[in-house]
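K.L.:
Listed below are the residues making up each chain.
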Amino acid sequence: MIAGISIYEILTLTTLLFFIGVYGFITRKNLISILISVELIMNASVVNFVIINKYLYPDALQGVLFSIFIIAVAAAETALAIAIIISLYRQIGSVEVDETETMKY
Amino acid sequence: MDIRYIYLIPFIPLAVFLLLGLNYKRIKPSVSGYIGVFGLLVSTVLSYYTAYQYFFVHGKVNGIYKPIIDRHIWMNFTDTLSIDMGLYIDAISVMMLIVVSTISLMVHIYSRGYMKGDDGYTKFFAFLSLFTFSMFGLVLSTNLFQIYIFWELVGVSSFLLIGYYYTKPSAIAAAKKAFIVTRFADFGFLIGILIMGYYAGTFDFEMLNNPEGSAILNWASTSFMGLSVITWGLLLIFVGGAGKSAMMPFHIWLPDAMEGPTPVSALIHAATMVVAGVYLVARLFPMFYFVEEGFALSIVAYVGGISSLFAAVIAITQTDIKRVLAFSTMSQLGYMMMALGVSGYDGHEGVGYMASMFHLFTHAMFKALLFLGAGSVIHAVHSNYLKDMGGLRKYLPVTNITFLIAALAIAGIPPFAGFWSKDEILVAAFENNQLLYYIGVFVAGLTAFYMFRIYFGIFWGKEKQYDHPPHESAASMTVPLMILGALSVGVGFIPFSEFVTPDGKGFEAHLNYPLAAIAVAVGIMGIALAWVFYKKENNLANTYAKRFGVFYKWVYHKFYFDEIYLFITKKILFNGVAASVALFDKKVVDGTMNQIGNKTVFTSEKIKGIQSGKLQDYALAFVGGVVVLVMIFIYFRAE
Amino acid sequence: MDILTLFIVVPIITIVVLVFSKGLKQARVISMIGSLVQLGMAINLVFAYFREREINQDIMVFTKDSVWFKTFNIHYNVGVDGVSVALLLLTSVVVLAGVFISWKIKELPKEFFISLLVLSTGVYGFFISIDLFTMFVFYEIAVIPMYLLIGIWGTGPREYSAMKLTIMLMGASAVLLVGILGIYFNSNPDGSALTFNILEIAQVNIPFEAQKLFFPLVFIGFAVLGALFPFHTWSPDGHASAPTAVSMLHAGVLMKLGGYGVFRVAMFLLPEGALTWSNFFIVLSVIGVIYGAFGAIKQKDLKYINAYSSVSHLGLVLFALLMLNKTAWNGAILQSLSHGLMTALFFALIGMIYGRTGTRDITKLGGLLKVIPVISATYVIAGLASLGLPGFSGFVAEMNIFVGAFQQENPFHRVATIISVSVIVVTAVYILRVVGIMLMGPVKNKKHLTLQRVTWYEKTGIVLLLIPIIGMGVAPLWLSDMILESLQPFIKGLI
Amino acid sequence: MEKYIFYILAFSMIAFAIAAVNSRKMMRSVIYLLFVLVGIAGIFFLIDYNFLAAIQLTVYGGGVIVLMIFSVLLVHHIELELSLAKTSKRIVAAIVSAIGIGVFLQIIYTYDFPVVENYKTTSTADIGEKLLSYGDGGFVLPFEVISMLLLAAMIGAIVIAKGKKT
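Protein chains in written order, with my numbering: chain A, 1 to 105; chain B, 106 to 744; chain C, 745 to 1239; chain D, 1240 to 1405.
It cannot be assumed that every hint is accurate.
[As the list claims (entries may be wrong)] Cross-link-like lysine-lysine pairs, in silico, BS3-like; alpha carbons within 25 Å at most:
(1) Lys1044/C x Lys692/B
(2) Lys713/B x Lys29/A
(3) Lys663/B x Lys692/B
(4) Lys567/B x Lys499/B
(5) Lys1264/D x Lys29/A
(6) Lys1203/C x Lys130/B
(7) Lys569/B x Lys640/B
(8) Lys641/B x Lys499/B
[What the hints assert, rightly or not] In silico contact screen, one side only, chain A against chain B (beta carbon under 7 Å); selected entries:
(9) Val22
(10) Phe25
(11) Ile26
Simulated from the structure, these hints should not be mistaken for laboratory data.
The model shown is predicted, which means the values in this text are computed figures rather than measured ones.
No residue lacks a Cβ here, since even glycine has one placed at the ideal position from N, Cα and C.
The whole structure should be built from the sequences, with the hints applied where relevant.
P.N.:
Right, dumping it as structure tokens:
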């Protein structure tokens, strides 16, 4: 626990981070930027897991462990995403969303 | 009396029809003619035998000629209502059997000569047999539905025979016209039958005609627009009869029907089928007479009288001899209707009924003769028009004599057949309705006039230039002429009133000398006038025609009835209703359906944009949707 | 196997054999044998039915019942009465004639015959089912091959027509399905198990409100197939584009499903709904009768004429059903049979004329009676049958309808009846118009002077259809009595 | 003291997050993200989850961000200005996000969390034990699954990025 800081403030912070991520996800046109936004969203939720674990159930460790898993999955996901982006770049020479339409229809 | 053998009378022609119709390519023309004639000969013999049996062997029971009936259920409508098929043997049906079989036999024999060398020779005999079968079926009907069935069948055989020269457009048009106009009348007939079936509860003549039966006694139980429904039914049935018998205003098909081969005109459109309407009214005579004090019957009388006058006037102006004969037929049919209309029921009162049937009988003989004679003339000069004829008496002696006999018969000169029957009609009219009597006398004069107009025009007058000299027809054609000629003289002496009366009792008929004298005088006047006008080529006729001016023109154009009909059918029904229905269907009904389809496609084109395939748009929608859903669940929870 | 299930099994066997066949020759012989067997079975069924009737007075005989979907209590439940026996006979005749008419089909013969047989399977199944849901399934089986048959083997704007036909019929069946489910969920007012069985549902009283709600759905659902105005427009286009045999089967048999369904489901299960709604639908059906006839007058394409004439004739079927009495119903069923045979014959003849001259426009044809006499004469006969000439089936049916309709005494019914009787005149007009223009008169096109005469298989097809038309017209008693007897239980709820 | 550190962290994180999603330079974006991730690690430190903070720093700060930088360098010119979405779309997204924030916060603030006062430190050993325990509440199975997943992702990334043999 952080002295003088209630759970509300931290949740407020994560909410803001989450929606900033959402905003970024919707508005950005570049695949890497979208990936960045996704990282923001992920992190916001990771923090939530941890905070709730700490503030409400200090004796348990589930939140922490889940955070670890999420981080691991996020790392894997990022690796894959980057691989896809690079592969895509090799094929169409761009990572703009508008141009990656070959999979549509 | 065992009457089952009578079934053979209609079924022999049917068998002939099937035989010739199914094998018309395989049977040689010469053979098919013999088959047709022989088949009909058997039927004729049987018909005469039936008449002999009915009148003289079976005879009167308790002083009355009772009908003999044999019927079998053909189809059930309800527990009480059904269509029966069977035989109804009474005085008028036996009489009709004789008429139909005799004329048909004559026409069959005549056609062997007349149709020689025609492509469809076998087909022609097949159709003739079909017609004869239907006509026999019609006259032997036991109930309204049976008569309707055969009514339609004679209609269709008439259609087939009028359209026999099916490559000729005018023949097609005439055939179509005949069928559709009579069909329209049959629409009324059918409604009338339905009314009878529902309100009287039966279609059967025996039950309908029983003066003590429920159908006649309860006529007043239901009424519609001031008249009993039964009267309405009778009037509608009469519409059907008027259609077949070419009464005003359904007459327009009859003159055109002359497009058919002449033997057909003689058989169908002069002697047999067209009298079906008269026969129908006669068949239902007790109903017509008793229901609502004979209101329907008086309508019959007036329609008959007016048609008769109307047709006789038109006949004077026509130049096509077959059309003159057609209008003459219409006029004589009007006579018969009128006679029925002025008839009473009991004893001597029934003289009109008797006269009508008598005239039907004699008219069949001499009118068939007239047509066959005209056919012989046409055969000789290859034209229907008076202007192409003249002075033919030298070339066609037999035709000349027989035609003269028939013309005298129709003009009502004693002792020919027409005189006797016409006299009875005038007596009946005189006793019941003076107005109709005067019409009748006037028409008698007109008849004599127009008939001798064409007689003189054909056989006398100036000789025309003929491509090749006309010659008398072969024996197969002249023999029937001679037989019919003999009949036209002889049948007038049959004591009809002994046999054919409404109540079946029979009475003694006497000549009413004053009336007979007037009628004969009028007839002779007509002939004399024709003699003056047409015996020698002169301009009198034209001068008088000019003097009548507009009236002549109206008459010549048959009072523009055809044009009115054409306007109604072509302009209003065809181009007005049918075309607008077709257009309505295409544009509005189908258009609506197509619009529904098109709008769906259009809308989907619009909505398609939402499914852009862009992940971010989906994400936006998803997040927005989640937010909205959350808001709904949180704030609008129903509790 | 029982006598009715065979009606489904035999076509399926035929289809399976067809799958392994090669080429046109094998395909058509196999289909012909299959259809011949069907016809034999149908005739046998008639005799078997008469024998069974003597000892068995149930509403339906030869019943068989087995569950195929337990959760919703859906059964494979079959049985027949006089009406379905007659319609089965009709179907088998038309299918066989259709096979003969398609004797020389060029494209994809095997697939064509398979689709044709699938269609007929659906129809057979529909006529023998007593279970609403099974009935509906067969209905769909019958409708769907239509799309392929028109879309692949059709002529003219076939995709459009096929699409229109399918969409309109599917729309109707969607409405119908709602109606059927409505009946299903109201089939147990006393709380017992829900059922699709028609005979069981008829025993219970469906609440009046539900009847009022679902009757129009069921009625319209079926009646669209019966070309009810204003839902008839699929029929002219569909028929015009369809290949000959398909038009025959469709107009001859498939459109009969509509009237049969109305009679078997809508009227039988929802009698009070029928009484409530009858006047409204009478108006529509009378409009259809007259409207179809007038529509036919102005058309130039033979198939359109015939399609509009079907609208008019089938309008009479619906009209008769709405008259709610036995005589009229008898007329409706007879009219279904008669119209089925007549239109099938018409379409067969039109197909032959089209195959020879390459046109269906009557203004371009003329004098055919001289060049192809057998076909033309048969056309005249079919025309005469169609305008209700005595001696042919149409007359018998129409008279039953009119006499039945006349039993309704109030002015509304009277007027409706008289208007629909007047159709006999209009029918005569359009039939004779075609006969006059196309068959009679001089030959307009010199090329038509050397048309091929009728072939043996065409003749067989024609004769197959003509025999029952004339048979029904000359001796209607056994057939009309067979149907009349079967109607009694169905009419009970309505009087 | 901790309170202020939290606020500083929080505000800088939000600022950097906004900068990350709005910057038109790719490289800067990534770096801003790095700051946010580091800030999150700081929060983990503040609540005494040192191990977690270390993971956050190594995996995110060390792994993910490096990967991203590499990819950015591979696919972009460093000076490239990114195009922005349509203004209307941005406004809609902003409004949706704002409403989302409002709703979420409203819910969070109306909910009474049963907070337990504590200042426990969780050791790495505890976490490790829990992670490898196969008893009740043990996480050994997910652990194994995750390791498989990582392996699969590794192979997948190689295969995808390698592309077709030429």
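K.L.:
Which numbered hints are broken by the structure, listed smallest first?
P.N.:
Number 3 - this is the single hint that the structure violates.
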